[in-house]
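Residue numbers (this note's numbering), protein chains in the order written: chain A, 756 to 1210; chain B, 39 to 353.
Simulated from the structure, these hints should not be mistaken for laboratory data.
Please note that the accuracy of each hint is not assured.
[Said to hold, decoys possible] A few chain A residues that don't get close to chain B, going by computed Cβ distances all over 10 Å: (1) Val761; (2) Ile794; (3) Thr856; (4) Arg876; (5) Gly895; (6) Phe931; (7) Pro1095.
[As the list claims (entries may be wrong)] Below, a sample of chain A positions facing chain B; criterion: calculated Cβ distance under 8 Å: (8) Arg838; (9) Lys1003; (10) Ala1041; (11) Lys1064; (12) Thr1077; (13) Val1081; (14) Val1193.
Note that the coordinates shown come from a computational prediction; the quantities given were computed from them, not determined experimentally.
Glycine included, each C-beta is placed from N, C-alpha and C at the ideal position.
The lines below spell out each chain.
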Amino acid sequence: MALTGVEIFKLLPKTNCKKCGYPTCLAFAMKLAQGQVTIDSCPDIPEDIKQKLAETSAPPVKPIVFGVGDRAVKLGEETVLFRHEKKFVNPCVFALEIKDTLAESDIQRRIEEVLNSEIERVGQKLRIDGIALTNDSHDGGRFDAAAKIIAAKAPYVPVIFCTDNPVNAETAVKLFPDKRPIIYGANSENYESMANTAKTCKAILGVAVSSDFGRSSGGLDELATLTEKIKALGVTDIVIDSGAKKAKDILRDNTFIRRAAVKKNFKPLGYPVITFAQREDSLIEALITALGVAKYSSIIVLSSIEKWKNLALFTLRQNLYTDPQVPMQVKQNIYKIGEPTSDSPLFITTNFSLTYFIVSGEIENSKVPSYIAVMDCEGLSVLTAWAAGKFTAAKIAHFIKESGIENEVKHREIIIPGYVAILSGAIEEKLEGWKVTVGPREANGIPAFLRSRAA
Amino acid sequence: MAFTPSKETYTGKVNSVTIGIDESTVTFGGEHVLPFHTFEGVVPHRPVIAYEIQDVPPDDWPENVQKPFETVSHDPVTWAKFCQDVLKAKIIALRLKGTHPDSKNRLPEDAAKTVKEVLSAINVPVIILGSNHTEKDASVLVAAAEAAKNKNCIIGKAQEANYKTIAAAAMANNHKLIAMSELDVNLCKQLNILITQLGFDREKLIIDPMCSALGYGLEYTYSVMERIRFAALMQNDLSMQAPMVGDIGLYVWKVKETQASETDIPQWGSIEERGITWEAVTAIALLFAGAELLIMRHPRAVDAVEKVIDEFVEG
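Modelling step: build the complete structure from the supplied sequences, incorporating the hints.
In structure tokens form, the structure reads like this:
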């Protein structure tokens, strides 16, 4: 477990020299315990104690940056088992498997799929983050040739080199100098030379134990032993694979690993987990990937990335990795549903993303092109925003005037949510020339509401 | 360094609920551990999936989920038999959609007739759902519960505004009951307590914490379900130990991602695969969060989810 402020204080010089920026060593110790400062701010602490403190204050799952530049992704850093306790930190990474046995044109095509996978959703750009090149041929030449294609075509995409042959790994990784790739395939036989390669190439090392279906959790013991041996060789940027492939085994191993890291601060398993989710059936693969997203995988390797599958998986990842304490928000704007004209209805609501989604979905279902004025209320829903004084007549009037909607529509009618019917008089007073219509209380009443207007 | 996995100790368990009669009963719930945590405790029953049908043709469903039922969905009896005999449905969920004032505004006695016809045509257990119009449901579900007397069905959904009449009808006619609250652990607990205070057996309750589709609030349902399971298993909260239902199809098949054509949004890919995947991913996520009973529509989504459940429970 992480040390408390008092425990840390005992290890500090207790000189109250203030060089760290805090009045006393105790104050500094408290900040350290809360993770708000790093031990580096204390110039007088001996190196061995510094290391001890750094180790105990480190997040239970080691933070690792995979790749470099704009496409680099962060792994690990997780602190909980359940998202209602605290936000899941670094969204798991999706990587497409490319076998080195494929023809060059197929390799090219798959790289292109990765490069073109980006989709925007609720203001976030989501994509397949990486490529996993597998050494299915067991041949060094083919592996190298495939790596060269990737290096030329997608030099900035984070890559995992999957091979248990240290020589093949080294040749391929050298094509990606300083790009922070992963070499996946260290096991109990080859770990010394694999660790060496990872060290010289500054790569992250993927450690795996046997992958038999239906094995008991003995594999985790072996895995923990291996990561300790590798750490002793000087490699600490590690991702781990228990070898689990079946849903039941993935859930069990990932749960035991995350629990060991978070609850026991068990360092030998405090590394990001890589899961190989490839299946013949793409839909089943999507569901196994969903398991990895929900249950603690940091990297998931896929065998195919159809657009429909990506959209579902990106959305799930986005949903589960949102901060449960901060409501998702939509940008303040006038949104068009369908192709509205200057006579189309105008709705107003708040910018809580769920509110927006449900309202826009119901308007869409009703097939009546409309405008939705979405007002920034710090992501609160209608009633909450009204109660908090963020969805008031004055603010609504101001927003409508500033929004420019008066140039878009000929009419001067605004439909407000039924829950804030009480605002209608005040809005009409503040928004001169406008008529307020009270809409349904719940969004699911919108289709009937729009139908009855048309009638 | 030797590694000993730390196993969780649980103080409570989820109630097991059996529905249906004679040889064709189905049991779900009953686990002593978090979902699929067979490595540290007893999971006596697998989660079950019910096929959703309705009393009126599914004109409001997107084309791709109408298609598998196009030759049978004109009539609830034919539709129910198709699900039981061809799709091997374990449970049928009959939604009395036609009773909604915005639909056909059918009378409670029409609904009762449909319920009787469907029940006499099939053997598998039935979930009888209203149209989610709290006022209308109060009369429709009372008539439906009487029509299904002693068939040990699930009646749903009782909500804060109408639970008294619906719970009384379920109790009088020997049915199980879905209690639905709106995405809030405390409201869920409160409704369960109110219903049991009427004398309704808490072991006959099923919780619906309110479903949401992937991308449309799924994370809320997910976390509320996880928290309800925590209360049941870790805190042994008796009022939270009912199994949970995810009414998946209803929520999934109205979102944009299951409806927008590939021509309109090419970057989203095949509309058919997308819709099926949307339903299957929503369903599996809620199983991970703690649902034991799912109500779904597309046969391919159901099959995929069943296959993954197999992987959790076999071997």
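Outcome of the hint check:
1. Val761: Non-interface label stands for Val761 of chain A: nearest chain B Cβ at 26 Å, farther than 10 Å.
2. Ile794: Ile794 of chain A is indeed farther than 10 Å from all Cβ atoms of chain B, at 24 Å.
3. Thr856: 26 Å, holds
4. Arg876: For Arg876 of chain A, whose nearest Cβ neighbour in chain B is about 8 Å away, the distance does not exceed 10 Å, so it is violated.
5. Gly895: 34 Å, holds
6. Phe931: For Phe931 of chain A, whose nearest Cβ neighbour in chain B is about 29 Å away, the distance exceeds 10 Å, so it holds.
7. Pro1095: It holds; Pro1095 of chain A is separated from chain B by about 16 Å at its closest Cβ, greater than 10 Å.
8. Arg838: 6 Å, holds
9. Lys1003: 5 Å, holds
10. Ala1041: 6 Å, holds
11. Lys1064: Because about 6 Å separates Lys1064 of chain A from the closest Cβ in chain B, which is inside the 8 Å limit, the hint holds.
12. Thr1077: Given a least distance of 6 Å, the restraint on Thr1077 of chain A holds.
13. Val1081: 12 Å, violated
14. Val1193: 18 Å, violated
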